[in-house]
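S.K.: Residues per chain, in single letters:
There are 4 protein chains.
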Amino acid sequence: MSEVAENHALGTKSDLAGVSDSPITDPASVVKDTKTSGALKKSSRYRTRSLSASSTDSYSSSSSSQEDDVSPREKVQKNSKGSSDFCVRNINQFEFGRREIEIAEQEMPGIMALRRRASDDKPLRNAKIVGCTHINAQTAVLIETLAALGASVRWAACNIYSTQNEVAAALAESGFPVFAWRGETEEDFWWCIDKCVNVENWQPNMILDDGGDATHLMLKKYPAMFKMIKGIVEESVTGVHRLYQLSKAGKLTVPAMNVNDSVTKTKFDNLYSCRESILDSLKRSTDIMFGGKQVVICGYGEVGKGCSQALKGLGCIVYITEIDPICALQASMDGFRVVKLNEVIRTVDVVITATGNKNVVTREHMDKMKNGCIVCNMGHSNTEIDVNSLRTPDLTWEKVRSQVDHVIWPDGKRIILLAEGRLVNLSCSSLPSFVVSITSATQALALIELFNAPPGRYKSDVYLLPKKMDEYVASLHLPTFDAHLTELSDEQAKYMGLNKAGPFKPNYYRY
Amino acid sequence: MSEVAENHALGTKSDLAGVSDSPITDPASVVKDTKTSGALKKSSRYRTRSLSASSTDSYSSSSSSQEDDVSPREKVQKNSKGSSDFCVRNINQFEFGRREIEIAEQEMPGIMALRRRASDDKPLRNAKIVGCTHINAQTAVLIETLAALGASVRWAACNIYSTQNEVAAALAESGFPVFAWRGETEEDFWWCIDKCVNVENWQPNMILDDGGDATHLMLKKYPAMFKMIKGIVEESVTGVHRLYQLSKAGKLTVPAMNVNDSVTKTKFDNLYSCRESILDSLKRSTDIMFGGKQVVICGYGEVGKGCSQALKGLGCIVYITEIDPICALQASMDGFRVVKLNEVIRTVDVVITATGNKNVVTREHMDKMKNGCIVCNMGHSNTEIDVNSLRTPDLTWEKVRSQVDHVIWPDGKRIILLAEGRLVNLSCSSLPSFVVSITSATQALALIELFNAPPGRYKSDVYLLPKKMDEYVASLHLPTFDAHLTELSDEQAKYMGLNKAGPFKPNYYRY
Amino acid sequence: MSEVAENHALGTKSDLAGVSDSPITDPASVVKDTKTSGALKKSSRYRTRSLSASSTDSYSSSSSSQEDDVSPREKVQKNSKGSSDFCVRNINQFEFGRREIEIAEQEMPGIMALRRRASDDKPLRNAKIVGCTHINAQTAVLIETLAALGASVRWAACNIYSTQNEVAAALAESGFPVFAWRGETEEDFWWCIDKCVNVENWQPNMILDDGGDATHLMLKKYPAMFKMIKGIVEESVTGVHRLYQLSKAGKLTVPAMNVNDSVTKTKFDNLYSCRESILDSLKRSTDIMFGGKQVVICGYGEVGKGCSQALKGLGCIVYITEIDPICALQASMDGFRVVKLNEVIRTVDVVITATGNKNVVTREHMDKMKNGCIVCNMGHSNTEIDVNSLRTPDLTWEKVRSQVDHVIWPDGKRIILLAEGRLVNLSCSSLPSFVVSITSATQALALIELFNAPPGRYKSDVYLLPKKMDEYVASLHLPTFDAHLTELSDEQAKYMGLNKAGPFKPNYYRY
Amino acid sequence: MSEVAENHALGTKSDLAGVSDSPITDPASVVKDTKTSGALKKSSRYRTRSLSASSTDSYSSSSSSQEDDVSPREKVQKNSKGSSDFCVRNINQFEFGRREIEIAEQEMPGIMALRRRASDDKPLRNAKIVGCTHINAQTAVLIETLAALGASVRWAACNIYSTQNEVAAALAESGFPVFAWRGETEEDFWWCIDKCVNVENWQPNMILDDGGDATHLMLKKYPAMFKMIKGIVEESVTGVHRLYQLSKAGKLTVPAMNVNDSVTKTKFDNLYSCRESILDSLKRSTDIMFGGKQVVICGYGEVGKGCSQALKGLGCIVYITEIDPICALQASMDGFRVVKLNEVIRTVDVVITATGNKNVVTREHMDKMKNGCIVCNMGHSNTEIDVNSLRTPDLTWEKVRSQVDHVIWPDGKRIILLAEGRLVNLSCSSLPSFVVSITSATQALALIELFNAPPGRYKSDVYLLPKKMDEYVASLHLPTFDAHLTELSDEQAKYMGLNKAGPFKPNYYRY
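Chain order of the listed sequences is A, B, C and D. Following our numbering, the residues of the first sequence are numbered contiguously, the last one being 514. Following our numbering, the residues of the second sequence are numbered contiguously, the last one being 514. Following our numbering, the residues of the third sequence are numbered contiguously, the last one being 514. Following our numbering, the residues of the fourth sequence are numbered contiguously, the last one being 514.
All clues stand as given, with none of them false.
No distinction is drawn between identical chains; accordingly, a pair holds when it is met within one copy or between any pair of copies.
Here are the simulated DSSO-like pairs of lysine-lysine, each with C-alpha atoms no more than 30 angstroms apart in a straight line:
#, residue 1, residue 2
1, Lys470, Lys508
2, Lys251, Lys497
3, Lys254, Lys497
4, Lys251, Lys462
5, Lys462, Lys508
6, Lys343, Lys508
7, Lys81, Lys131
8, Lys503, Lys251
9, Lys343, Lys497
Rather than coming from a laboratory, the hints here were simulated on the basis of the structure.
Construct all of the structure, not just a fragment, from the sequences and the given hints.
M.R.: Right, here's the structure in full:
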């Protein structure tokens, strides 16, 4: 019980904040949410880019112009085996999509290892999964892994813009009932999910959700079907928050797994990813030379720690702002001056937000910045920089590159605003497939755990992934680094009071 | 309830391991424990060294030779105010002790800030504290702070060797009933604690313990008095484990605070301290040049992380061994090869253990090490290196310095064993007063919290320090770094769902 | 004399190597050289990208398609002041070019500071400079600075592909006789230079050269005019080598300044630039995640040092190969394993060459690489990786992005070759304007020094920039970092035997 | 000629400075110099400490008290072979000295490798060397290596305090004519050198000097003998300066080798040594916790670079002061704020000088420092901190440890002065044997080069060690790190224009 109780507190601050503005009660309002949060959600995994992204990009622009105006829903398409149980933009694009998937497979060692190791056991035999996620080469690797582990699946997109059409075609060609294309209308969006849920001879028993839309549709529209579900796996902050709200309201009648806060996934999504993407984002968008630059980073959580480590490593002088004295003390011990933003705002060359809070950088701050100062956001949402305060008649905006605006003061001073204050790492760099591999393996294991758990292990509540599974996700990715684990001897395991197979740490361990 | 439940799991692995060998049931067995674990306990805070350590040292040698053979218990001493409610080696040594305390005060900004801030409020007014800790200049600063906050105290040593006699004299001269001297017998040890507990007109209501001896004596010998206690604060791994055992056995009738696992204290005791002390320990004992040396560190927990970061920073090539795939993945992402010990044992220049486990470095490993290899332990106990396996007739031991042994194989190969496998950082370097300041402030706040808590907040169980207090300890130490915290605006606090004064993070936050 | 003598040895190894393949004797052969080395020379400063590169790019493609087929030499164009003493693609593009120049000015603090400080003195009054360099926004800042310092100039391009047409238009509109456009024929190339040299009422007295073409044309075609030259400033490895050859052959009749080996310029061109561009190049081209990757860097000179520092900082495990024991010892002391390439070739994820040598990575090595290994070159020329050895029938090349080829072995193994073995930082990242600012300021000061030197200070030989001027270039760039120099007191200067204004170090100082 | 000319400028600034105060003209004045600079010279290699330093220490104190008052010059001693051609404190101490030498041998891989490789060739056969250096275990390894290479030697101490008597005894016992003991008088000092120079049947042909005293004595007192010398090897700043002065004055009649400025030696003496010793010095003397401390380092030469890198690595915030804009720019690019000392003097926790200049830290600065500020010197001499300005009646000095003084202002403010402003790394830490190994190998190779050079290669002037020999010294130390050099192929060597055996870099290469 205590774990459940604890889980109720798991929504992060930003999570709570983000949703308190848009309480979700029914699919209709969800639609609105989808609309309003489109920009954010669109970006969340959308920019994942494989080696062949450039070809994708070139295709994309061409295809979007070539996409005929007929809605996929109105077209009749068949794959080469004669099936038409899917709805994608153009089934004929499957070859290019298949190549994309193959390249992604090479870069996702963990999920591929899981596929190999478990394909004999088929731990998802008889699982019938409704999936609702972004649809791109990386998620295709996940989908095909779930099938290889024995599951039947039906899949829709969790975002109206993020589907890679060729990948959807490749999945459809391989026999997966996929309902998704780039540029769906809102009505299309719900129609697609409905096609995954409500189809003859199909009683789904698992949901893999990214944002909570499949869960909500089923709960609202097919409550009887929902009751038959054995488990829900949810990876987004927003979706997890919805689940906790449902649980609190007593409406969650099935166990759910919050994979958003798994240890391994969290470290990779934050510390390790941001350590690299802050450099990439700034370099690609501004060609800045890092050496000697003065940078202030607002927030010294995992994201702030990653950013500051990387920038210090390249010769930047980094200042930190913090509200939390423990994190502030960590920053001090790591060699950073902890300041109030106003102390350095006139002298820094770059301002980076990573707090999850709102209005951390205000118009007043930006009025004080020096000419050429770069401002960008690495935090949770697009609220950290008060971009709206810059949309006043006295200031001129000049777009100098995609994702790069010069905002010009009457005296000629320019500040360089990246991605209009949205997440700069999602807008101006790419998410390595390796990070997606971590997330996908986490999702797959959560499905396996919920599907195979003995009755009674999980109640109708929201759970964190068991530490042992978290450790397993990590272990799947060690061969990439040719890392060799040491095994406990029997004597050592006994001395430590541990099972030789793990878990190796208490739940409160901080890593 | 959930926090309590969780707390029961708080003993670390090493904790569980260490004590399972010596279950404690009554003061008599405690005595044995004191004896057997003397070497370990002696070291735990004993080597703390202020700037004036050399004078201490010089005194020490002289004083130990000059110490008359009469037991302090048989001498009649009075301080300058005429009190004789104390028992120390030599009250006349107080001046030197006072100077030591004054120097320590300058290096303990947090506890001194607490003294200043709270001395008007007197949050410990009417608190009657039995203290049982090491007695040195740093703890004297704590004791005098507790008094400044309103408490009455009586104090004994938690270790028969670790008392700085001059400091004890200075405390006695200032009117504190102190019962401690270096070189107590076991009988003396319990007599001293008894003098702190059982004295006319004294009903203690708080215990500050380091190792659990005062707690146990009172519980066993004065159970009625024990029932009147409002709270126990315990900082040692061993003492905390005893408390959890008492709680489990239903014998803990008062609330207890485990300060050993407080966030701030833990970070400083492990990551930040060890990052510096590994360098200091190796340099002072072996004059090793770090650049280009190959080092293997067994264990990538906080201690291993600190050691590896420091050594990498000075040009060592560091390898890591791990049993936990999550920590192994962290090591990989931090740029370390993760290997099995046998893969590198023939080539490395230094082997460091930091696992908390036993027999991590075996005779078989040491047989393979190359000539001149340095072996030392930074982990919890003296079990990690199987030193006993080196005490065979074929090997020759040659002590080349204090704490440095050459163990010589028949073919002339030497390995350099530091501190005979005990904690090298306690044996070969010193603990900065700043780290002790963190611990002392944590202890003082725990006492304040338990003493002032409204009835019902704490049951008869073992608790972690509330996060808000942990944050307060951190905040007390920020001025040392001239670090300036940012305050949340009302709007921001609301957005984050936080109180502007903290706590700022959920309990599961990993820092 | 000794400095001159030393200077003769200044060509770097790669320098010697690069040119020994293409001895230059007359303009005709230079033309061939220009052709054959087009790919290399094109890249050398061509990819410099300002903030508005994307707009440039978009323009570029459009403009290249819109460029009418009429050769600029056949068109009659006038700028707004009525002058037609220039030849550019389209004078009407000047506005966009002017904006590019203005943005570049903001990012080139050193050369702009020099412009401000010296514009009253006009140290180049009466200087008549023939310039032959890349023509882009950054060089425009240099050209306009030279004019502001009093010089008259005529300018041609040193490369048939690298001219930014709009910038050339902006210069022409501002009255500079510029003769350059993108896509010149070889005949155009020499015609343009000739127009800068041989025009009525123009006796040039200085040459600013990048590659030696203006120098050679004048020497060969207008020897009498060449004798009137007061000095030549040359910045390229190739051009410097030509000068040393001329000097050796006794044909150099004027003083020449080798700015290629100036301290400040060298550090920025190599260590500081490459430290950042290796990350940028790898990330932009492959989206690699750095953490935990094993990388071997061939060569531990300035470039290798920069690359290894940056990659280690982001969690890579870096190996070094070296031929020079001093550099190898430095690598060891900096914490890198020094290996032979064959020791690690089967396990590394990335291979980077930075030696200046040829065939450092051979087909044999590439046969052993693991699937997915990335191979790229950060060294001097395109010889380090034996790319030709990969053009065999058994291997398949697959271009997956611009500058990214997969080379596929019969068993399916792929290696990822970047920029076909050419300089990956020039091909896949951009050169910060700040680095160009350093070079430009160095060139301008060299011109000032040679033009104003008292008779006899410089003979007809090749010189390094005086250290004092090197220091001045550095000082011009310190305000960017808000760095504050300390001044020697008279007493201190006397004690050190130094002039308070510098130079501060002996010539052999290693920095 | 050019190299010679250049060599004349090789004295470093500090070098020039140091000696301009004490011009040396004859042995008499040298005596005075020895006296006045005793404190400095004493420290220069004296504190080299092997693993067994503690035993040395204990011996030292005892032996100094036990040393009988009879001067060694008045005692008759014989070694076990019956020779009495030596003069040491006590020949019977040889066993302990031998053990010290054996331990040193293990830690000096380079010089030992040279001994092994060249002992067949005997490149010093017929060399007759007068040596005048510190006499300790490390130099004993050098001396015995020279003998193994074929040389005859006679040896005196270059400092009246630095002789390790047991080591001298061990050398004497092994048959080396050693004339040295700790605590020589000045007359003893010159008597000892004289005994090495002027003895029947001994015409020395080489001098190995450390400070120039043997050179000067021979030049002044035995000019005819001096003319027969084939070469001088000098390693000290002071001695090198004397040689350049002699050369300038036309009095140097033999070739001399300045090994003080060899590349490898310089890097190890400055960058690599100081990177470690700054940490060790501060930690051993003050037990400072580095994390979060603000430190200003005056001077960003090799020493400053080493110190700043190490301190930054441990979480210090480091500021740099510089007079040289190139070094200042380097500091900026390396991530350090470049400030004037006054900008930070009130806030820093530690001030470190590394300039070679005088009065860099003045009383005015120290008046502004905050309570507890640590002040120390890592630079060349004891002039950088104006310690004399602290010896005023208003300030109280309190020695709290050996090498640690508190200087107390009237308001109670204390600053912590280390080693009274002398070199803190020599006073408060130890020099690793590995660094001495580099120096010793350099000296031995310089002797070999001068002794075997064909006539005419070296004139009567001061030379730097040929780069190829510098490279050889480095190569001798690579096996310590298991570093594997790559060899050039014939084709590559030709392409680079290099000999496959080196040298690999031009003389001006900066490393």
